[in-house]
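Q: Chain order of the listed sequences is G and F.
All residue numbers for the first sequence refer to my numbering, where the first residue is 1 and numbers rise by one.
All residue numbers for the second sequence refer to my numbering, where the first residue is 1 and numbers rise by one.
None of these hints come from the bench; they were simulated from the model.
In this text, a Cβ means the ideal position worked out from N, Cα and C, and glycines have one as well.
Don't take every hint at face value.
To be verified - Each pair of labels, with its calculated beta carbon distance range:
#1 G:E152 - F:G40: 46 to 52 Å
#2 G:D573 - F:G164: 50 to 56 Å
#3 G:E742 - F:A123: 44 to 50 Å
#4 F:A123 - G:G22: 27 to 33 Å
#5 G:A572 - F:Q74: 22 to 28 Å
#6 F:A165 - G:A572: 44 to 50 Å
#7 G:A572 - F:A123: 48 to 54 Å
#8 G:I867 - F:S138: 24 to 30 Å
Spelled out from the first residue to the last, the chains are:
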Amino acid sequence: MNGPISNRLGVDAKHVQTSGLGFVGQSVKRVEDRWLLAGKGKFVADRLPDGVAHAAFLRSPFAHATIDRIDVSAARRLPGVIAVYSAADINEHAHPFVPLIMLPGTYTPLFMPLSEDKVRHVGDPVAIVLAESRYIAEDATELIEVDYSDLEPVSTIDQALDPASAQLWERADGNVLHDDINTYGDVDAAFADADHVVRETFECHRQSNQPMEARGIVVEIDPASAHLTVTSTSQAPHAAKWAIAAMTTRDRPGSSLRSLLGNKTRRQNFVGAAKEFVKDNMASIKKQDPAGQKHQLKRDPSMLTAQMKMGLGLLAADDFPTVRADDIGGGFGSKGSVNREDIAVVVAAKLAGRSTQWIEDRVENLLDGGQAREERFAIELALDADGTFRGLRCQFDLDYGAYPGFPVSAAITQGMIKVYMPGPYRFDAYELHSRMVTTNKGKQVPYRGPWANETWARERIIDVAASTLGMDPLELRQKNMWAAADFPAKMISGPSLDVTMSCKGTLDRAIAEIRELDLDALRAAAHSRGNKLGIGLASYHEAAPGPPDFLDAITPGNDMLAAEQARATIEADGRIVMYTSQSPHGQSHATTYAQVVADEFGVALEDVEIVWGDTDVTQFSFLGTGGSRGGPIGGGVMKYSARDVRTMVDELAAEMLESSVEDITVTNGNIHVAGVPARGLSYRDLAAEAISRQSSSGGTATNKSGLAFEITRDYAGHGDGGWSVATHVAIVEVDLETGVVEIPKYLVVEDCGPIINPKIVDGQVRGGVAQGIGAVFYENLVYDNAGNPQATTYMDYLIPTAMEIPEIDIIHLETHSAGENDFRGVGEGGMIGAPAALCNAVSNALGVEVTTQYLPPAKILELAGVISPD
Amino acid sequence: MTSVEIGSELAVSLTLNGATTSVRVDPRRSLADVIREDCGLTGTHLGCEHGVCGACTVLVDGAPARSCLMLAVQADGVEIITIEGLAEGDEFSPVQQGMVDAMSFQCAFCAPGFLMSTVALLAENPNPSTEEIRAELSGNLCRCTGYQSIVDGVERAVEIMQRGAQ
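Looking at chain F on its own, in the form it has when it is part of the complex (with noise of 0.2 Å):
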């Protein structure tokens, strides 16, 4: 195990969206905080810091991850995928169209953790039931909602796929 000085700092390789950047970083900066301030990804947002309300999800490795409950040098090396990572070019991905078609949101602060946990979701069960989505959803909160529009957002991206794949 290798020790860090208090006050120093680590040289982290980051994979954000398919670039790598390097970085340098105090060992205890989240790693939603040095997304978003250091790299200059603010779509990825902070609701609670204690991982309950998922508006933080990130993908690492293809896994929803709470990026305020990891650290930076944890993520050194590792496949980084944020909302701003899901768009080619103007064109919105399925997910990011299903939600605008189903006007899922609101304030929409919550958007880019429900986005992710969706791409998630989606990769993993491409027909989820709606009883499926709401409990792998059941990990981020939005408190604008009551949740339905995110629901057929969700079944709306799931069709736009299958449209896509034929």
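The following block holds chain G by itself, in its conformation from the complex (with noise of 0.2 Å):
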């Protein structure tokens, strides 16, 4: 099946649901199990078009060095290898990747798809070989020689910071990247004035996303007319699409000048085109800051140059790539990212003139398919006697890795950590110095509620200025969390809070559940056992969507990166087909869409097919799927754009019935007058109808598309919707001979607003829940002082499995905004609140302060004073 992927497959009537209530708000069964659990998903690996070559890179064995010589001529000789390519070969072909979002105080390195002088991590890539099969690609890459000098590896955030250390990148300040300052309100005051100041540094270690699907991609050339079909784990289609036009098509910038205005209707296209993202995007426009966009040109002012071949290679072009994300095993986020190892196929692929495959293996994941969260808090908390919190103060530096993610780099996680880390909580003041540094390790991704660390730290901090002035933890959080009294207020970061951000109705039911535990008794039972127990918990707020001002509070005028389109359609049969700009990876959006939509037109959920992940045909994103936004912006536009097209179905019925339009209803997906269901149309009669009005007026554009209603509009959330909000408890008990933890009882209390599937929206808290799990107790992609990732298979990189997590009890609030559109995003907040209640919990079962977030056995007995450290 080469058509759009859509949940059309596997769907016939014995598994047709249908409801007299509507389907939103109910745990309906996945539409796209009829697929995935027969065995037939469509899976990036699984597209081998005939003749398909199969690649693999060559990758750096060293940290950091420089390459002297490469030579590739005995692995060409290999008998079933099609082309060996090196760094010069590719580079030659694609133009650099550049920075998309510069914030104020960042310079970002400009980068190749393969490494040509140097190599700055173990992995990096510096030739790719297209081979008959994976097999003889990879002895091909064993044959490429290549000579390394090696340079002092920098393998930490201090190393980083220190001015003695070699420098990745020579035109950056060191190894800094990034160095800023944001202040809201006096916090030299709040500090002077209160009566305590706490301090503590937590660090955090480094850790991988790890989809069990690896990243991917399959290139296809048309023999014929050459274009590029490309299939990719893509969170991020139409951005991908446009990184991959952008990159690869590499003309002289004066024939591509000469064939733009020799083509007088590619020039008024271009012209208008642009005359209308202006117009439409003025007010953002206008909000943008220029600081950091001057930063980086005075840090390097090749952007400007590489940007205008771009542009004039995108303006030459006839031709852009299709690019297709078909089923996708998992992402959080490090599919979200246009890969060097994406351009590097695509341009091998083309001058090998073959369909090529690269299925990105384990290790290769484990190395640069996504790291995140390396990061280090020094906070400060100043407070008063009464436990009023006055101001926060903290020094921020994050390890970057090597090279920049693209086009969502580490900039947006310091932006996040920015906004978010007063969380939930009322202060006066509030400053952050946060720090970017660069290291020879694999590139830093957002990773599931990327900002994730501030709740970490700010949650700490919050339990160790209990615990310093002799407090409750539970009570001290409650006297300072903003309650829906205050309301409307703002974040000391900028953020409107409105009554969405319930939090403090999660914390409140949070303490009241943990006062109905007898805590004495299972602290003297674990005793018993030898064991300690103990308890905490997590407080935090998220922007899924958010207000209208919280992505301006990250970084001024972005915002309309944010909004996202949506087409519906009825075809000629009435059949209803939506197009969605989302690339689920997991999120079973076929389902939760189809509630949605089949809801508006008052149809079986069967009656609706989602369409997704082909850029042909569904409309521009640059986001895709990823920040909490498939449920408020994605599902919100497919709401408000099935409305739109029910509004026109009532219309025509209202005619054909000779009715009054407030009167027509539909139910089943019979459409008739209130009361009289006898005399009802199906959506095949509306459709039959349009059609042929359609042609009786003489041929209209939707008449030439065969469609008998279709509409198109886009949507950014604003208005609608607001915060997801959250506390977590765990319990847990620690074992004082091994110092394995158990977690006898974890809670989430939860507002995500009103649920479009209620176990769908379980389903994504556990599973982030159990990434915090694994992120405290188990995962640590550790790196050696030299650079050497000494966690490359799942042998030392340990994913959590059914034995280590717990059952999680999930406890669902609903408050409700005014807004029309109210879904909140709710997939991050499981590993938002996770690391900070499960560290919280360790530390008061030891009765210590934990100021890492890596919580292995032997750090547990070091903790407990079991053993001494080291």
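With the hints in hand, could you dock these two chains into one complex?
A: So, in structure tokens, the structure goes:
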């Protein structure tokens, strides 16, 4: 099946789910399972076009080295090898990766698909082989000779901050790529006036997203037209399409310009599109802060040349690639990137004239498939004797790795940490000094709640403050958390708070649940087993989608990136077909969107087809699926576009049934006048009538498309929805002999507003908590002092199993906003709350302050005083 | 012991989901690659290719095996069942249906391995305790769900099988 992926496959009458009550709010079974559990999924590795070449990369074994010589001739001679390209061969046909979002005080190095002169981490790709099989391709990589000269590796934040260390990027300020201070309110006054200041430094280890399916790409070249069809594991296929088009369309600027100027239609289209874009986004454009771009250009003006060449190349191009994302095996943020390998594979396929598949293996994925969270927070909390929070001050350092993520880089992580750090609490003043450093490690990418460590650091310092002041940590939170009566209000970091910031509701409920437990008895029972028991709690709020001023607080004027379009259609035969720009990879969009749309049209779930993942048929979206946007933004635009078409349906039905529009109702697909279901019409009837009217009116654009009804609309969530909030409670039992931590109880009290599908939401929450448990007790993407990765297989990078993840209880609260579309995102939250609640619980159990997030058995025994450090 | 020259191929008789086919394979090719690429059954997935994640689990003569660690030539003459062999026509098997009912999976990339491990578990122990299910499935990694829904799916499959047996 070569058409765009949709939920059509595998659906038949016997699986039809009907409901007299509406589907939204019910745990209707997943449409996706019809194909995924039959073994009929279409994942990227399953796409094996005839004659496909298999690609493998040669990667650097050194953390930091210059490349003195590369010789690929022996590899080229191996039977079965189709082509071998060195970095020079590939880069000649590509443009560099340039920064998209430039924050003040940030320099983002430009970089090429493959490394030519210098390697900056173990796994840095230096050559690509195309062969008849992956086996042969890997054999050939071993025949490539490379002479490296070692450079001093930079493997920690402190080494990167040391001006004496070797430098990864020559135009950077040492190895510091970002250094900026954000101040809100009078911080010095708040600290001077407060009765106490509590200080602690918290360090988090490097982690990896680790979806079960690694990255991959298949490039198919149409032999007749040379059109490229790229199948990718992208969370954002449209961003991938335009990045691939821009970076691999290499023409001489002069000829591009001549082609543009010589082609009147293209010129007019370009000018027209540019004018329209500026008109639509004037408010955002005016708000943009030029300081970031100025800083970037001061360090490296070559960005302008690269942008100009890419722009002219795009303008001169007659054809752009199609990018398809079919079934995707998870991502957790790591597949939002356009990868260096993607560009290299596209260039290699074009050079060789062969359709090419590259499937990343697990070792590669652990080397550079996406890394995150190696951050340090030196945090100070100023508070009064009665516990009132006054000020918050933090020195925040982030280990970026060697290459910037693209298109969403660590800059966004910094921006989010900056805004979220005060959390759901009132402060008089707040200051964040942030530094991002580059080291010889794999690249930093967003990982499920990319800012989550601010919650970990903040919720830990609150517990530290409580124990320092001899206060109850739960009461300390209750005292300082924004409450419903406070709204409308603004976070000290900027964003508006409304009734949907109902975090206090989840905290109060969590505390009520805790008070029901006999903790003394639980502690005594643990003690009788020679163990220690502790309880920890953490609260957070996240913008999902957030108030209209949320994104501006992170980076002014980039709000336009968040809007999303959808297309709602009814085909000539009455089938409802919806096109989303989301790129689901486990979130069950085919089910939840069908629920939303079926309710709008009054039809069965299976009467709705959801189409996604193919840039030829879906509308442009920069972000795709990520940032907990699938429910509020993607789901919202589904709802509104469906509603628009439903209005058209009602109007036509009213004419056909000679009634008023208000009296038209639809039950189980029967469109009728209220109270007269016997004299009803089907969607097929309406579609036929709409088509016949189009024909008689002389052929409109809609008619040409063969659709009875069609509408495209966009939506940015403004004015609807708001915040998603939760409080997590963990009870841990620490075995003092083995250092193993059991979790006898884990509770999440969350409020994401009205829920589309409760079981799907529960799955998102539990999955996030499981990753948080992994982060604290099992997973560590550790590098040694020479920059050598120490966890390159699942024997060393420990993903928790069914034995480690406990049952997780969930209580849903449901606060409604005034917005018409009130769905709020929930995908990231589990991971945001869990590390904080778990570390607080361990701290409580052992009676010592936990200052690192990674707590393997040896660390637990050390904290417990059973063994001594090192 | 037979010796084989590098680059030569060996004939292997594979019995896949009840159908026997003969394929010629490079002796170093894994069973998983041959099932997926030569036989076109892409329902079996490769997650780590070093025997930890379990996504590639298939049944070899009824027992779960990592098809990424097994060579195709070792499968000569054995019975292999993959995820594609579970349903009867359009009718999902109890294990598949249990997982559908419990909404066990999200991205479901790991699902083929969990389904095959569950079939093997329930064949040996038709009424496992929750602890036994968790222990038995601890050889399969899932990154999406936190496992609770998968355990629920196994318990639901047990219910379906018991109802069917009555």
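Q: Take the hints in turn and mark each one as holding or not.
A: Do the hints match the structure? See the list:
{"no.": "1", "hint": "G:E152 - F:G40: 46 to 52 Å", "verdict": "51 Å, holds"}
{"no.": "2", "hint": "G:D573 - F:G164: 50 to 56 Å", "verdict": "38 Å, violated"}
{"no.": "3", "hint": "G:E742 - F:A123: 44 to 50 Å", "verdict": "31 Å, violated"}
{"no.": "4", "hint": "F:A123 - G:G22: 27 to 33 Å", "verdict": "41 Å, violated"}
{"no.": "5", "hint": "G:A572 - F:Q74: 22 to 28 Å", "verdict": "54 Å, violated"}
{"no.": "6", "hint": "F:A165 - G:A572: 44 to 50 Å", "verdict": "48 Å, holds"}
{"no.": "7", "hint": "G:A572 - F:A123: 48 to 54 Å", "verdict": "50 Å, holds"}
{"no.": "8", "hint": "G:I867 - F:S138: 24 to 30 Å", "verdict": "27 Å, holds"}
Hint check: violations occur at hints 2, 3, 4, 5; the rest are consistent with the structure.
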